[in-house]
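Engineer: Here the protein sequences come in this chain order: C and G.
So for the first sequence, my numbering puts the first residue at 1; every next one is plus one.
So for the second sequence, my numbering puts the first residue at 1; every next one is plus one.
Possibly wrong hints are sitting among the right ones.
As the list claims (entries may be wrong) - Reference listing, derived: stretches of chain C covered by chain G, where coverage requires no fewer than 3 residues with Cβ under 8 Å from a Cβ of chain G: (1) 5-14; (2) 63-75; (3) 98-105.
Note that these hints are calculated values from the structure, not bench results.
Cβ coordinates follow ideal geometry from the N, Cα and C atoms, glycine included.
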Amino acid sequence: MNENLFTSFSAPTILNQPATIPIILFPTLLILTSKHPTNNRLATIQQNLTQFTLKQMMTTHNAKGQTWSLMLMSLITFIAMTNLLGLLPYSFTPTTQLSMNLAMAIPLWAGTVVLGLRFKTKNSLAHLLPQGTPTPLIPMLVVIETISLLIQPMALAVRLTANITAGHLLMHLIGSAMLTLSTTNFSMTLLTSMLLALLTILEIAVALIQAYVFTLLISLYLYNNT
Amino acid sequence: MPQLDTSTWFTTIMTMLPTLYLIMQLKLLNTNHYQPPLTKNSNLQSHNTHWQPKWTKTCLPLSQPQQ
Numbered sequence: 001m002n003e004n005l006f007t008s009f010s011a012p013t014i015l016n017q018p019a020t021i022p023i024i025l026f027p028t029l030l031i032l033t034s035k036h037p038t039n040n041r042l043a044t045i046q047q048n049l050t051q052f053t054l055k056q057m058m059t060t061h062n063a064k065g066q067t068w069s070l071m072l073m074s075l076i077t078f079i080a081m082t083n084l085l086g087l088l089p090y091s092f093t094p095t096t097q098l099s100m101n102l103a104m105a106i107p108l109w110a111g112t113v114v115l116g117l118r119f120k121t122k123n124s125l126a127h128l129l130p131q132g133t134p135t136p137l138i139p140m141l142v143v144i145e146t147i148s149l150l151i152q153p154m155a156l157a158v159r160l161t162a163n164i165t166a167g168h169l170l171m172h173l174i175g176s177a178m179l180t181l182s183t184t185n186f187s188m189t190l191l192t193s194m195l196l197a198l199l200t201i202l203e204i205a206v207a208l209i210q211a212y213v214f215t216l217l218i219s220l221y222l223y224n225n226t
Numbered sequence: 001m002p003q004l005d006t007s008t009w010f011t012t013i014m015t016m017l018p019t020l021y022l023i024m025q026l027k028l029l030n031t032n033h034y035q036p037p038l039t040k041n042s043n044l045q046s047h048n049t050h051w052q053p054k055w056t057k058t059c060l061p062l063s064q065p066q067q
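Kindly generate the complete structure, drawing on both the sequences and the hints.
Structural biologist: Right under this line is the structure:
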């Protein structure tokens, strides 16, 4: 039962070659670049979305934080496209792989921490102690804040992995339940199909939201440290 | 859980790194955001010429009172 449930999350292979490579590279094919001032609708939609997201995310940062805007824009585009493509049936979502999310979260988080430690050492170290704590509690609070700092990349990676995996798993389960119900009791099938439709809408929202949250948190860490 | 099978971790991470850091960023860099074309405001009646008034009067006949 366990093996059957999770097999859709194992890394796909075609003829024993890893198929993850073209699957991860695929969303980049869908981003259109053109040098014309007026484009077709798809390119215009993508450009407008990019500009809108850029404005939303980067206006709160100062000049130093805004140098990260390319990185954060490519991050949110990559995660959102990967998550949305994973909603297609029989597709593989790379963001369900803990390896990829860890490799995304740890360097970016470490970059913000190193930036803060290097350029605003006192300020970033002062974040380790909230204001107005009574003196005997200080050592314990520093330890607690350090642990909460060190757990940030792990939380980022595991949050993305777990959310997308759980959503996909739920859709698989309800879909297979619908299949077995269609032969025995047809009215339940309709109910379950409504559930599946609602779940799909939720998953679309989750896909976008997860991308947003990931990027937002990294930009928050950046804001704290620039 | 197949996500914890570390044999594929190297391939996944190595593919993700150039995709995210190289190709996506190049794609985003190569999209030109053009400004919408600005309309040229043409009001011929206002002249902000504050150099020598005598040159203004000779060079801009329309600014003189009609006779």
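Engineer: Flag every earlier hint the structure violates by its number, smallest first.
Structural biologist: none
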